[in-house]
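Just so you know, we're using this note's numbering here: the sequence shown kicks off at 1 and counts up by one.
Just to be clear, a hint being listed does not mean it is correct.
Stated by the list, open to error - Capping the alpha-carbon separation at 25 Å, the derived lysine-lysine pairs in BS3-like fashion look like this:
hint: 1; residue 1: 344; residue 2: 317
hint: 2; residue 1: 317; residue 2: 213
hint: 3; residue 1: 18; residue 2: 380
hint: 4; residue 1: 249; residue 2: 380
hint: 5; residue 1: 232; residue 2: 249
hint: 6; residue 1: 344; residue 2: 79
hint: 7; residue 1: 249; residue 2: 382
hint: 8; residue 1: 107; residue 2: 380
hint: 9; residue 1: 107; residue 2: 329
hint: 10; residue 1: 171; residue 2: 79
hint: 11; residue 1: 340; residue 2: 329
hint: 12; residue 1: 275; residue 2: 107
hint: 13; residue 1: 329; residue 2: 275
hint: 14; residue 1: 275; residue 2: 382
hint: 15; residue 1: 18; residue 2: 382
hint: 16; residue 1: 249; residue 2: 18
hint: 17; residue 1: 344; residue 2: 213
hint: 18; residue 1: 340; residue 2: 79
hint: 19; residue 1: 213; residue 2: 340
hint: 20; residue 1: 232; residue 2: 18
hint: 21; residue 1: 317; residue 2: 340
hint: 22; residue 1: 275; residue 2: 380
hint: 23; residue 1: 107; residue 2: 79
hint: 24; residue 1: 232; residue 2: 382
hint: 25; residue 1: 165; residue 2: 79
hint: 26; residue 1: 329; residue 2: 79
hint: 27; residue 1: 275; residue 2: 249
Just so you know, these hints were derived from the structure itself, not from any lab.
Only a predicted model underlies this, so the values are computations on that prediction, with no experimental measurement involved.
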Amino acid sequence: MIVHCNGSIFFVVETGMKQAIILGAGMAGIGAGLHLLKRGVDVTIVDQTEPGRETSYGNAGLIQTEAVEPYALPREIGKLFMIATGISNDVYYEISNLPSHALSLLKYWWYSGPSQYGRISRAYASIISRSTAEHAPFISEAGAEELVARDGFRTFYRDGREFEKGIANAKRLLETYGLGSRVMTGRELMDAEPHIQISGAGAIHWPDTWAVKDPGSLVVAYADLFRRLGGKIVRGEAQSLAPSGSGWKVTTVDGPIEADAAVVALGPWSPALLKPFGYDIQMVRKRGYHMHYRSDTPLNVPLMDMANGYVLAPMLKGMRITTGAELTKEASLAAPVQLKRAHKAASEIIPLGSPVENAPWSGTRPCMPDMLPVIGEAPKHKGLWFHFGHGHQGFTLGPATGRMLAELMTGETPFTDATPFRPARLF
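Based on the provided sequences and hints, a complete structural model is requested.
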């Protein structure tokens with residue numbers, strides 16, 4: 001049964017689940033919380049910081065329906081050589097940090113093979129194609145329309161041969177997934193973006209992607225909606241999670257709370273939390289950086305510089321540069337090498353003023369070796385649910401995978417086959 005109340009849609013679902021604790025107040029946690037609330041579950045979100053202050057804050061702000069295929073580990077000799085020698089700005093690493101990634105990267109390389117990657121991409125496309133559709137009602141109900149631009153984004157090519165490859169890939173995505181795009185010559189790009197200083201070989205415009213002018217503020221708006229709908233957000237330590245009778249309990253600043261179910265939505269911190277419960281989870285941890293720059297000549301639409309591995313996006317705080325992947329240890333100090341390279345390259349495209357912040361922001365993307373998020377009940381613990389591993393697309397996917405999780409938890413049939421995302425595949 002569907003019930004409408006104060007502009008919001010609620011689903012009346014017959015389920016034995018009455019309460020749920022969600023650990024993590026990022027987009028994944030908030031998205032799942034909203035969907036559970038709408039199904040009649042009493043939800044408390046627990047985090048040690050305010051909503052949307054971690055990876056959900058630091059991304060490029062794109063809700064990417066066009067990203068139907070996840071980021072695979074390159075297998076072409078030329079690309080691997082560029083990464084290994086540090087020529088490419090897509091990936092950066094220190095040799096001393098690689099041993100800690102060895103097993104995860106080996107699995108990542110295997111899953112990036114043609115046969116495995118095709119299967120993975122089909123599953124991935126089934127959830128990311130729902131991203132804007134699942135964000136849309138939350139944006140409306142949260143009153144956050146002013147934060148979202150629906151003008152798409154562009155991939156920018158400096159080199160003619162790479163541009164031709166990009167055009168061929170866009171054609172393949174149209175044929176495979178029905179994904180629309182528009183090829184732009186360098187002249188057309190400069191007409192569309194009057195402040196651009198170089199035309200390059202051209203660009204591809206992806207019209208169905210949405211751009212958020214302040215990602216953290218959108219998560220906060222969703223969190224405010226969550227509270228208005230009856231949800232609770234409290235400060236607490238996820239490490240206090242423990243079984244309690246037939247359910248789970250967590251210690252918060254307001255005292256202990258208990259629930260029928262607990263959801264781990266802690267992104268890159270999820271494996272450490274789950275290890276004491278007997279789950280040894282491999283994860284590829286990709287650190288990324290961003291910084292805002294004052295600019296009197298901003299872009300109209302976000303742009304990804306394909307040759308230099310960063311996204312340049314107009315935000316409320318200024319022009320944000322968001323970098324690619326740095327393979328690092330959890331405790332390693334920030335090393336914004338990619339950001340410095342990206343700033344130099346971006347300054348060739350548009351004039352960039354002084355930085356807004358004194359130091360760059362950095363955060364970690366939680367990437368699973370098979371590139372698929374983990375959604376479902378823990379194999380060995382009833383009432384313990386996983387919702388993490390969204391890689392580069394947690395901000396995009398949170399509401400869509402949150403819906404899948406809520407459907408699984410309340411006994412509904414998921415909107416698409418949930419089998420590829422089940423936690424049991426990891427063990």
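To see whether the hints hold, each was checked on the structure:
Among the hinted pairs, residue 344 with residue 317 is consistent with the structure: their alpha-carbon atoms are about 20 Å apart, no more than 25 Å. Of the supplied pair hints, the one linking residue 317 and residue 213 holds, its CA atoms being roughly 8 Å apart against a limit of 25 Å. Between residue 18 and residue 380 the CA atoms are separated by roughly 21 Å; this keeps the pair inside 25 Å, and the hint holds. For the hint pairing residue 249 with residue 380, the CA-to-CA distance comes to about 17 Å; that is within 25 Å, so the pair holds.
This hinted pair checks out: residue 232 and residue 249 have alpha carbons roughly 15 Å apart, not beyond 25 Å. Of the supplied pair hints, the one linking residue 344 and residue 79 holds, its CA atoms being roughly 21 Å apart against a limit of 25 Å. As the CA atoms of residue 249 and residue 382 are separated by approximately 13 Å, the hinted pair is consistent with the 25 Å bound. Annotation: proposed proximity of residue 107 to residue 380 holds, straight-line Cα distance about 23 Å (limit 25 Å).
For the hint pairing residue 107 with residue 329, the CA-to-CA distance comes to about 18 Å; that is within 25 Å, so the pair holds. A distance of roughly 22 Å separates the Cα atoms of residue 171 and residue 79; the hinted pair therefore holds under the 25 Å criterion. Restraint check for residue 340 and residue 329: satisfied, since their Cα atoms lie roughly 20 Å apart, inside the 25 Å limit. Of the supplied pair hints, the one linking residue 275 and residue 107 holds, its CA atoms being roughly 19 Å apart against a limit of 25 Å.
For a cut-off of 25 Å, the pair hint linking residue 329 to residue 275 stands: about 17 Å separates their Cα positions. As the CA atoms of residue 275 and residue 382 are separated by approximately 16 Å, the hinted pair is consistent with the 25 Å bound. Restraint check for residue 18 and residue 382: satisfied, since their Cα atoms lie roughly 15 Å apart, inside the 25 Å limit. Restraint check for residue 249 and residue 18: satisfied, since their Cα atoms lie roughly 14 Å apart, inside the 25 Å limit.
In summary, the hint linking residue 344 to residue 213 is supported, as the alpha carbons are separated by about 23 Å, within the 25 Å threshold. Distance hint between residue 340 and residue 79 is fulfilled; the C-alpha atoms sit about 21 Å from each other, no more than 25 Å. The straight-line distance between the Cα atoms of residue 213 and residue 340 is roughly 23 Å, inside the 25 Å bound, and the hint therefore holds. Taken as a hint, the residue 232 and residue 18 pair is honoured in the structure, with Cα atoms around 14 Å apart against an allowance of 25 Å.
Only pairs whose Cα atoms come within 25 Å are accepted, and residue 317 paired with residue 340 is accepted, the gap being roughly 19 Å. Under the criterion of a C-alpha separation no larger than 25 Å, the hint pairing residue 275 with residue 380 is consistent with the structure, at around 12 Å. For the given pair, residue 107 sits about 19 Å from residue 79 by alpha-carbon distance, which is consistent with the 25 Å threshold. Pair hint residue 232 plus residue 382 holds up; C-alpha atoms about 23 Å apart against a cutoff of 25 Å.
For the hint linking residue 165 to residue 79, the alpha-carbon distance of about 14 Å falls within 25 Å, and the restraint holds. Straight-line distance between C-alpha atoms of residue 329 and residue 79 comes to about 23 Å, which keeps the hinted pair within the 25 Å bound. This hinted pair checks out: residue 275 and residue 249 have alpha carbons roughly 17 Å apart, not beyond 25 Å.
Figure legend: structure checked against the earlier numbered hints; every hint is met.
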